Amino acid sequence: MIEQILHGLVNVFQPMTILMIFVGTVGGIIIGAIPGMSGSMGVILLLPLIYTLDAVPAMVVLAAMFCGSMYGGSISAILLRTPGTPSAAATVIDGYPLAQQGKAGKALFIAVFASTFGGLFSGICLLFIAPPLANIALSFQAPEFFALSLFGLTLMASSSGKDMIKALISGFMGLLISTVGIDLITGNTRFNFGSVKLMSGFNLLTVLIGIFALSQVLVDLNNKTKQVKQEISSYGELLPSRKELKSIIGPMTISSIIGTVIGIIPGSGGAIACFFAYEVVRRFSKNKDEFGKGSIIGIAAPEAANNGTTGGALVPLLTLGIPGDTVTAVMLGAFMIIGIKPGPQLFTNYGAQVYTFFGAFILMQFVMLFLGVVGTRFWPKLLNAPRSILMPIIMIFCFLGAFTISNSVVDGIIALIFGIVGFFMQKYGYPGAPLILGLILGPMAEQNLNRALLISQGDWTVFFTRPISCAFIIISILSIVLYFYNNYKETKIKEKAA
Amino acid sequence: MTPKVDFFSGIGIFIVGAIFYFLACQLPVAKVGLGAGGYPKFITVILCTLAIILSIQSYFKMRKNLKDERKTTAKELLSVGALALSFFLYLVSMKYIGFLISTPIFLLLFLYQYGERNWIRMILVSVITPALIYVLFQYVFKVILPNGYFF
Chain L
1 MIEQILHGLV NVFQPMTILM IFVGTVGGII IGAIPGMSGS MGVILLLPLI YTLDAVPAMV
61 VLAAMFCGSM YGGSISAILL RTPGTPSAAA TVIDGYPLAQ QGKAGKALFI AVFASTFGGL
121 FSGICLLFIA PPLANIALSF QAPEFFALSL FGLTLMASSS GKDMIKALIS GFMGLLISTV
181 GIDLITGNTR FNFGSVKLMS GFNLLTVLIG IFALSQVLVD LNNKTKQVKQ EISSYGELLP
241 SRKELKSIIG PMTISSIIGT VIGIIPGSGG AIACFFAYEV VRRFSKNKDE FGKGSIIGIA
301 APEAANNGTT GGALVPLLTL GIPGDTVTAV MLGAFMIIGI KPGPQLFTNY GAQVYTFFGA
361 FILMQFVMLF LGVVGTRFWP KLLNAPRSIL MPIIMIFCFL GAFTISNSVV DGIIALIFGI
421 VGFFMQKYGY PGAPLILGLI LGPMAEQNLN RALLISQGDW TVFFTRPISC AFIIISILSI
481 VLYFYNNYKE TKIKEKAA
Chain E
1001 MTPKVDFFSG IGIFIVGAIF YFLACQLPVA KVGLGAGGYP KFITVILCTL AIILSIQSYF
1061 KMRKNLKDER KTTAKELLSV GALALSFFLY LVSMKYIGFL ISTPIFLLLF LYQYGERNWI
1121 RMILVSVITP ALIYVLFQYV FKVILPNGYF F
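Protein chains in written order, with this note's numbering: chain L, 1 to 498; chain E, 1001 to 1151.
Isolated chain L (complex conformation) (with noise of 0.2 Å):
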């Protein structure tokens, strides 16, 4: 195997390989960046251009792709408030204060360098243990999945908000917003009041751009604060103190083992991954009160584990043939276009390409670092344009990024809704990342719950005869209580200090 390995990363090192690296990370950053344009469209862009490649340099294209469009998300997220791609969203509750502060160029490079450490991680678990690590995915079943969703759901409380009641009752916001449309277990349609635009329920992407971007751009119209100007002279500050680094580096491990092994269940992906490595990190900082200020941990922590969600995908994919998301389904296409078969036979048939594949995954991390970092030179200098010229085109944008997703103006409008409804949440005090956690936990706490009733014929106790399930309830029962003690613990200082 060793010999394998140490094969395929000598042949990383062919022109078209490293050609295709920087065709695929460079259009993956560009379409990540623009909201709408998902990995998942990128890589459908690429299809007419693998037909002319490699195996090899075609397999890397794709994933360059979905690596690119990973980080990509966050420049729009960190520059506009407007998440590129879902699994930008929670790059937004600090990347944006902290851009306001005149350090986006930082910002952008502590995103950039956490998305390569994270996909750095996911990449060398693909390399060294893909196969035991497909096991996982096959181990998720309806309980498990539900007992998943349901710990997402109990970090619900702590998001970004200082009210808990206020958090609570937006994080549930989402939850309901989430049972409009068909239910996919009983059939029965909900809540659509006869559209049947609703039947397929709310886009994520068209409720994330209303209650970030558009509600922004709303609240800032009345809102004269003195534009910051955004002055980088030299790279080197943008670098991370000592200090700095000692203060990301294990959060963004914690990140990437979080993003890896979601990145693995088929089902979940990065937009689930971000939300959780933020609530865990933050849950367990030091520094609370600085999170959701523009705090470096809070965009590092999500930025790690959506990258690490690339690497973790693959593993399905490569080692069983099953595709854990949109963008996967579509590379799974792809790859059979190209004549390679994922599936358990995979390392057998084709050992030479799929290592050089896992070795040009590796070196992409790098070539993304060094695009990103070449980025945060002039991405930032975005936001000296004039507000009274930047905030209409990115109104535009909004619309574009809504439209994309179904080709239909109703999006842009079901968008605008939301951008009303997030402004007033602005104004007083709901916080908006509770009821985006609520809308994507929503549909997969419901489903797996019924599912699993079902195929119990009812019986509850499934959730706690299957060790997964029941490690994943007492870790949810147990945050609860640390979150509510941590509370207390917290008032008491405060009354004794006063």
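Just so you know, nobody snuck in bad clues.
DEER-style ranges, computed between Cβ atoms:
{"no.": "1", "chain 1": "L", "residue 1": "138", "chain 2": "E", "residue 2": "1073", "range": "57 to 63 Å"}
{"no.": "2", "chain 1": "L", "residue 1": "199", "chain 2": "E", "residue 2": "1112", "range": "37 to 43 Å"}
{"no.": "3", "chain 1": "L", "residue 1": "182", "chain 2": "E", "residue 2": "1057", "range": "36 to 42 Å"}
{"no.": "4", "chain 1": "L", "residue 1": "288", "chain 2": "E", "residue 2": "1150", "range": "52 to 58 Å"}
{"no.": "5", "chain 1": "L", "residue 1": "199", "chain 2": "E", "residue 2": "1095", "range": "16 to 22 Å"}
{"no.": "6", "chain 1": "L", "residue 1": "293", "chain 2": "E", "residue 2": "1069", "range": "16 to 22 Å"}
{"no.": "7", "chain 1": "L", "residue 1": "481", "chain 2": "E", "residue 2": "1128", "range": "54 to 60 Å"}
{"no.": "8", "chain 1": "L", "residue 1": "193", "chain 2": "E", "residue 2": "1069", "range": "31 to 37 Å"}
{"no.": "9", "chain 1": "E", "residue 1": "1023", "chain 2": "L", "residue 2": "184", "range": "16 to 22 Å"}
{"no.": "10", "chain 1": "L", "residue 1": "193", "chain 2": "E", "residue 2": "1085", "range": "18 to 24 Å"}
{"no.": "11", "chain 1": "E", "residue 1": "1128", "chain 2": "L", "residue 2": "138", "range": "51 to 57 Å"}
{"no.": "12", "chain 1": "L", "residue 1": "407", "chain 2": "E", "residue 2": "1073", "range": "37 to 43 Å"}
By construction, these hints were calculated from the structure, which means they are not laboratory data.
Please read these numbers as outputs of a predicted model, since none were measured by experiment.
Backbone N, C-alpha and C fix where the C-beta goes; we use that ideal spot for every residue, glycine too.
Start from chain L and add chain E according to the hints.
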């Protein structure tokens, strides 16, 4: 702190929750599992409970004579409403006159609403931005933007 607004928003959220609970009750009940209505009912009950807690908390703050911090003025709301209405009209008009005609017109309007008064810059931004977006989306990303009745 906004106790008065929180009190009334709590009541509003309670009403929304109650309406959705009522609608969820109309859904068919399953013999095994939660059925289509079970999960929404569970969510709305918790939502209503949270809304009541919010209203009660705010009520006690109001009784302590804590006044609302002013978050928005009528003038601000009016300008936000005007911008939202313009954006809505932009979206609706696109179906009829297409992206290439509606975007320059409305971008000009949005720029004006945002306080831009340099007319040369306004016209340049309103013409160049939609043209670049159109080329990028239509020819590079292969996303067909609304053409309206004129193209």
